[in-house]
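Asker: In case you want the letters, here they are:
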Amino acid sequence: MNSELFIIDLSGCSNTGEIITSVSSAFEVMEARERKIGLKLSNIGLNQAQILSIQSLIASYASELDYVETLNESTKNICENMGIKVQTPAYSENTYTMPSREIAFEIPKKEDEQSPLNTEVSQMDGHEGENGGEQTIQNDFAPQASQNTQEPQQQSEGFEEFKPIEFDEQNLQTMDTYKKAYDENEEEKQTWEEVDYYAPPTDEPVIVDSKQTIYVTQTLRSGQVLEFDGNVVIIGDCHPGSEIKAAGDITVWGVLGSIAHAGSKGNRDAKIRALKMNAVQLRIANCYSRRPDGTNIPYIIKSSVFTPEEARIVDDSIVLFKIN
Amino acid sequence: MTGSVIVITSGKGGVGKTTTSANIGTALAKDGNKVVLIDTDIGLRNLDLLLGLENRIVYTIVDVVEERCKLKQALVKDKKNPNLCLLAAAQTRDKSAVTAEQLKEICDTLKEDFDYILVDCPAGIEQGFQNAVAGANEAIVVTTPEMSAIRDADRIIGLLEAKEEVQRYRLLVNRVRPNLIKSNDMMSVEDVVEILSCDLIGIIPEDTGVITSTNKGEPIVNDENSLAGKAYMNVAKRIEGEEVPFLDIDQPRTFMEKVKKFFSKKVKA
Chain H
0 MNSELFIIDL SGCSNTGEII TSVSSAFEVM EARERKIGLK LSNIGLNQAQ
50 ILSIQSLIAS YASELDYVET LNESTKNICE NMGIKVQTPA YSENTYTMPS
100 REIAFEIPKK EDEQSPLNTE VSQMDGHEGE NGGEQTIQND FAPQASQNTQ
150 EPQQQSEGFE EFKPIEFDEQ NLQTMDTYKK AYDENEEEKQ TWEEVDYYAP
200 PTDEPVIVDS KQTIYVTQTL RSGQVLEFDG NVVIIGDCHP GSEIKAAGDI
250 TVWGVLGSIA HAGSKGNRDA KIRALKMNAV QLRIANCYSR RPDGTNIPYI
300 IKSSVFTPEE ARIVDDSIVL FKIN
Chain S
0 MTGSVIVITS GKGGVGKTTT SANIGTALAK DGNKVVLIDT DIGLRNLDLL
50 LGLENRIVYT IVDVVEERCK LKQALVKDKK NPNLCLLAAA QTRDKSAVTA
100 EQLKEICDTL KEDFDYILVD CPAGIEQGFQ NAVAGANEAI VVTTPEMSAI
150 RDADRIIGLL EAKEEVQRYR LLVNRVRPNL IKSNDMMSVE DVVEILSCDL
200 IGIIPEDTGV ITSTNKGEPI VNDENSLAGK AYMNVAKRIE GEEVPFLDID
250 QPRTFMEKVK KFFSKKVKA
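So the sequence lines, in the order shown, correspond to chains H and S.
Every letter in the first sequence is one number past the one before it in numbering that gives the first Met the number 0, and letter 262, counting from 1, is 261.
Every letter in the second sequence is one number past the one before it in numbering that gives the first Met the number 0, and letter 13, counting from 1, is 12.
Honestly, the hints are just simulated from the structure, not real lab data.
The model shown is predicted, which means the values in this text are computed figures rather than measured ones.
Incorrect hints may appear among the rest.
[As the list claims (entries may be wrong)] BS3-like, lysine-lysine: derived pairs with alpha carbons at most 30 Å apart:
1) H:244 with S:259
2) S:259 with S:11
3) H:321 with H:35
4) S:78 with H:244
5) S:162 with S:181
6) S:110 with S:33
7) H:264 with H:244
8) S:103 with H:264
9) S:78 with S:181
10) S:33 with S:162
11) S:236 with H:264
12) S:236 with S:71
13) S:79 with S:69
14) H:244 with S:260
15) H:244 with H:275
16) H:244 with S:181
17) H:275 with S:76
18) H:275 with H:321
19) S:103 with S:29
20) S:78 with S:236
21) H:35 with H:75
22) H:264 with S:71
23) S:215 with H:275
24) S:110 with S:78
25) S:215 with S:162
26) H:275 with S:78
27) S:229 with S:260
28) H:244 with S:215
29) S:215 with H:321
30) H:244 with H:210
Bound conformation, chain H alone (with noise of 0.2 Å):
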């Protein structure tokens, strides 16, 4: 396991199910597997079944809950019962929150340290520079993250946020650099101005899908249809009979043994995920494939035993794969 942190920042985020898919967005960047994950959480409450499904959540990327950071007391609480650390943000709600719905991460820099770039970004993002010296992590995403607010509505069809960061020369001869200077500590600050503007690659805020997310917490029996103009998030087991068609991604946090239908507005970049595939029929966009036939019994396999997987297009026709 890599010991470097990754930080998931999701102080946007205003209810679990957001929580949820910015973490498991986070994680469609290979770079958040198989790492400590440092959590940013607002003033937001959570209770013990939700840290835990979190928790789960991010073990089943290979990755392990290092470390959260929150506001809130209960949630803070409930934390150091649960034995995970506690860290009290360097900022207040007041002085600075990244836009909504985006999520930032680093390579975390110790307090004291100061970044060239600092006041200069302090200015660009409308606050003032009393904060700075503490701010340093935050502030060297401010740009970006500003500019980045826009595109979401011109992008909103296209998910292109979801495709890999392409790397390009340049690019990644700056991170071999900061990864370098990094090891040594003593010439940070120095690559530091070598590297200028050009951070890492990963450091680009990977921005969530722009469109709404509804997050259903309840088994879908047969006969019952989740039709759903943004992506679903269902806890709890999919029955055969029953039918989801969402316009974007599908997630079941359980076994779909239903008719999933992703992407029905004709994105063909949707995905559909289940911790057991067991599905009759996995459609997206207009690419359709079914259950080998004799497959159908047991009626719904229920087991503890799960096997995460993802299904997408390729080449035309909709294949499984194995996540972890």
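Start from chain H and add chain S according to the hints.
Answerer: The following block gives chain S in isolation, referenced to the frame of chain H:
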């Protein structure tokens, strides 16, 4: 070509309408007829499961009625027999999604291309039943040798007689247990026919193989050794107009029964 539309109905639930539909349909198709099965049990469909076609359904009868697809697109071909087709019911709607006139129209269209159109009727005498009967010109009333099923069958026969289009109705006695009849614990088939005063089209013995075949999604007529399967094959022959004697369902199963029967015959002779 004008096929005949046969509705399979019972009034009471759980007597084996759907099993009968699946098996007679498969048997007729095995004999080389072009058959289409229509499931009218909208919202509680099961016929697809019995035929093992659950994973192939894309369009349903409701999609046809609401003109989201053509009728031919909605016909699901059987895995083994290309002569057999299924028009599935929608699971996510209810009986009111289709009207009697619409179903009659579908039956009339299918008549041109198929020899037999079997309509699997839902339990009850409400809209679902009215829909299923609408296009039918023949009926098979399924019953079991129990008072409750017989009373419901009687009511259904009364309703069928009131329909002018239904020219003929015949009785199928399902789940007969010769052992119980012998010990006077179950009504005999003769009693049932006498009570309902109705032509008999078949006697199907109780068979545990039906349960496994249902779970496998494979009709029992495909099992050559099954007694119930043979009985269903005979029913299909009778539908085609052949004169087939009723099967001796009191067939010995175990070796000891065979020995007993062999000797009892000798003694009588």
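Asker: Check whether the Cα positions of residue 215 (chain S) and residue 162 (chain S) lie no farther apart than 30 Å.
Answerer: Judged against 30 Å, a Cα distance of about 37 Å means the pair is violated.
Asker: Within a Cα-Cα threshold of 30 Å, do residue 110 (chain S) and residue 33 (chain S) meet the stated pairing?
Answerer: 10 Å, holds
Asker: Between residue 275 (chain H) and residue 78 (chain S), does the CA-CA distance stay at or below 30 Å?
Answerer: Holds, at roughly 26 Å.
Asker: Checking one constraint from the list: CA of residue 259 (chain S) to CA of residue 11 (chain S), max 30 Å. Satisfied?
Answerer: Outside the cut-off at roughly 38 Å; violated.
Asker: Does residue 215 (chain S) pair with residue 275 (chain H) here, judged by a C-alpha cut-off of 30 Å?
Answerer: Holds. Residue 215 (chain S) to residue 275 (chain H) sits at ~22 Å (cutoff 30 Å).
Asker: Below or equal to 30 Å on CA atoms is what counts here, so check residue 244 (chain H) against residue 259 (chain S).
Answerer: Not satisfied, since the Cα-Cα distance of roughly 62 Å exceeds 30 Å.
Asker: Between the alpha carbons of residue 215 (chain S) and residue 321 (chain H), is the straight-line distance 30 Å or under?
Answerer: 28 Å, holds
Asker: Would the pair residue 35 (chain H) and residue 75 (chain H) pass a check requiring their Cα atoms to be no farther apart than 30 Å?
Answerer: Holds, because 19 Å separates the two Cα atoms, which is no more than 30 Å.
Asker: Residue 275 (chain H) and residue 321 (chain H) were given as a pair; does the straight-line alpha-carbon distance stay at or below 30 Å?
Answerer: 10 Å, holds
Asker: Take a quick look at whether residue 78 (chain S) and residue 236 (chain S) sit within 30 Å of each other, Cα to Cα.
Answerer: 22 Å, holds
Asker: Decide if the proposed pair is consistent with the structure: residue 236 (chain S) and residue 264 (chain H), CA atoms, cutoff 30 Å inclusive.
Answerer: 49 Å, violated
Asker: Given the hint that residue 321 (chain H) pairs with residue 35 (chain H), test it: the Cα-Cα distance must not exceed 30 Å.
Answerer: Holds. Residue 321 (chain H) to residue 35 (chain H) sits at ~22 Å (cutoff 30 Å).
The structure does not agree with the numbered hints 1, 2, 5, 8, 9, 11, 14, 16 and 25 stated previously, though it agrees with the rest.
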